[in-house]
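*Asks:* Hey, can you work out the whole structure from these sequences and the hints?
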Amino acid sequence: MAAGPPRATVARKPDMEDIFFAFDQYALTEQARRALSANADFLLKHPQHRVLIEGHADERGTPEYNLALGEKRALAAREYLISLGIEPNRVSTISYGEERPLDPRHNEEAWARNRRDHFVLMSR
Amino acid sequence: MRRRAAIVLLLVGLLLALGGTGAGQKVYLDINAPGFKRLPIAIAPLVNLARQRGGDRVGEEIAQVLTYDLEASGLFKVLDPISFIEDPVVDARSLTGKEYRAQLRDVRKVAHRMANEILYQFTGEEGVFETRIAFVSTRTGNKELFLMDYDGFGVQQLTSHRSINLSPAWTPDGRSLTFTSFRAGEPQLFRLNLAAGQLLRLSASPGLNVGAAWAPDGRRLALTLSRDGNPELYVMDRDGGGLQRLTRHPGIDVSPTWSPDGQEIAFVSDRTGNPQIFVLTLRTGDLRRLTFQGSYNASPAWSPRGDRIAYACRTESSFDICTISPDGSNSQRLTFAAGNNEHPSWSPDGRHLVFASNRATGRYALYRMLANGSNLTRIAKRGRPAYGSEAWRGRARIRFDNGLAPSAQWNAGSRISALLSGGQARGQHERSQTVRRQLG
Chain A
7 MAAGPPRATV ARKPDMEDIF FAFDQYALTE QARRALSANA DFLLKHPQHR VLIEGHADER
67 GTPEYNLALG EKRALAAREY LISLGIEPNR VSTISYGEER PLDPRHNEEA WARNRRDHFV
127 LMSR
Chain Z
10 MRRRAAIVLL LVGLLLALGG TGAGQKVYLD INAPGFKRLP IAIAPLVNLA RQRGGDRVGE
70 EIAQVLTYDL EASGLFKVLD PISFIEDPVV DARSLTGKEY RAQLRDVRKV AHRMANEILY
130 QFTGEEGVFE TRIAFVSTRT GNKELFLMDY DGFGVQQLTS HRSINLSPAW TPDGRSLTFT
190 SFRAGEPQLF RLNLAAGQLL RLSASPGLNV GAAWAPDGRR LALTLSRDGN PELYVMDRDG
250 GGLQRLTRHP GIDVSPTWSP DGQEIAFVSD RTGNPQIFVL TLRTGDLRRL TFQGSYNASP
310 AWSPRGDRIA YACRTESSFD ICTISPDGSN SQRLTFAAGN NEHPSWSPDG RHLVFASNRA
370 TGRYALYRML ANGSNLTRIA KRGRPAYGSE AWRGRARIRF DNGLAPSAQW NAGSRISALL
430 SGGQARGQHE RSQTVRRQLG
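Protein chains in written order, with the working numbering: chain A, 7 to 130; chain Z, 10 to 449.
Quick caveat, the hints were computed from the structure, so don't treat them as lab data.
Here the structure is a predicted model, which means the values were calculated and not measured.
Backbone N, C-alpha and C fix where the C-beta goes; we use that ideal spot for every residue, glycine too.
Accuracy of the hints is not assured; some may be wrong.
[What the hints assert, rightly or not] Rough simulated footprint, nothing fancy, chain A against chain Z, three-plus residues with beta-carbon under 8 Å:
(1) 170–183
(2) 238–251
(3) 264–270
(4) 277–288
*Replies:* Structure follows, in structure tokens:
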């Protein structure tokens, strides 16, 4: 597997819910906004944590475009968290593009699961 | 492990059917003419003049490689040796005579060089038979960089980072590759010097450092960075300094490719709602949209000839290879109804395209075709599918043990020196001054 983020991961809890995107989109859906609100609440209650947002894309399209797409998805979530009162320095982003699928299958269901932001909690 | 004994000395003679050109006069074929017909050519059996052990097998291998190369060029029709012996050709003349010295293990390189020489004799153009292709493969379980000859032989693994490596791009001098790697955790740009094996971090801005493309003069490169909060195109000096931002748009801007004159950059942007190809004129900042058909056009590659831009075009639910003129006219689809076809990359002569396709097995392998879509051939070896983006290198600089130089200027003054046919030498061996100098 690929090397992880430079800082040690403290927990990979379900405290922070993944958010999902439509094909070739980085606009936040209703589901995404709801989940981000809950994620923001968690961060407000746990000031000892910061979060790394991983942006992902499904396998269709080019790796380069998908890296940019994952970046846009991560940045969209970051911006929304900041708008909900999270300090900018607590939210960092990384894009994995299509390189780290949650579901390795090649069908609509898998693609829908793979177009996501994943939130990794880290210690401050 | 240098075995002195393993020196091959071979002479090539070629008989060909070619109507009416006067002897002694240099006339190149107009291979760009409409209605050009492939030239029939026969490869005479190669004779083991030095009577070395294993020499016959070497001769056969050379003939095989020559046949493959000349057919791959799309310019020649290699005649069956049997029919050629039984039915003598109309205008048989010897094309060239050269002496090639190399270690036995380099027999394929020698044959590729012979094929380049033959192509040059007819067309005045440098062939691609000594070029190599860099590509990304998952065969080890990770995305690592590999190199192979243009025909899929000589595969060499370049990285063992156990990470994600993407988007290899040759520096124009052919000495190094740049690529994006997650080896330090984030997608950063690295440069690998091939001879020294030295790895250098070239760009490590926060966020994306992807899709680097070298300007034809090798002094600058274009790439996508997200350091300013959004994926935008930038240009930087070859050492990573002198950063200059090219695009200012809240959408995605990726995958730059330079025009051969270095004046324009084609790239992918979703600024109109989905990925389309645009062309930016560097001096004026003028931007024009190139593709209008379909909802997903990506990974543009500007032909070294300048006349076409190849890209992956989404048709229905799969990707195909398309090409278009830089003025946006005359778009053509080159692949049809056969899985996904992505990541086109041009050969240095602009006559071939290599691309990744999952048409055969559902897994990606590398294919090569002529610029018009004909002569499609799978080049990655069976059972070891290659995946991902590839980049076709300028020229292979092959070092022969006796210091034979690359053949760029090889043709001036070369003379007919040997004519071999039916297993018997019929000509006089006569080395030209040029060749003598090359061989030292």
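*Asks:* Next, verify each hint and record whether it holds.
*Replies:* Against the structure, the hints:
| no. | hint | result |
| --- | --- | --- |
| 1 | 170–183 | holds (count 5) |
| 2 | 238–251 | holds (count 3) |
| 3 | 264–270 | violated (count 1) |
| 4 | 277–288 | holds (count 4) |
Hint check: a violation occurs at hint 3 only; the rest are consistent with the structure.
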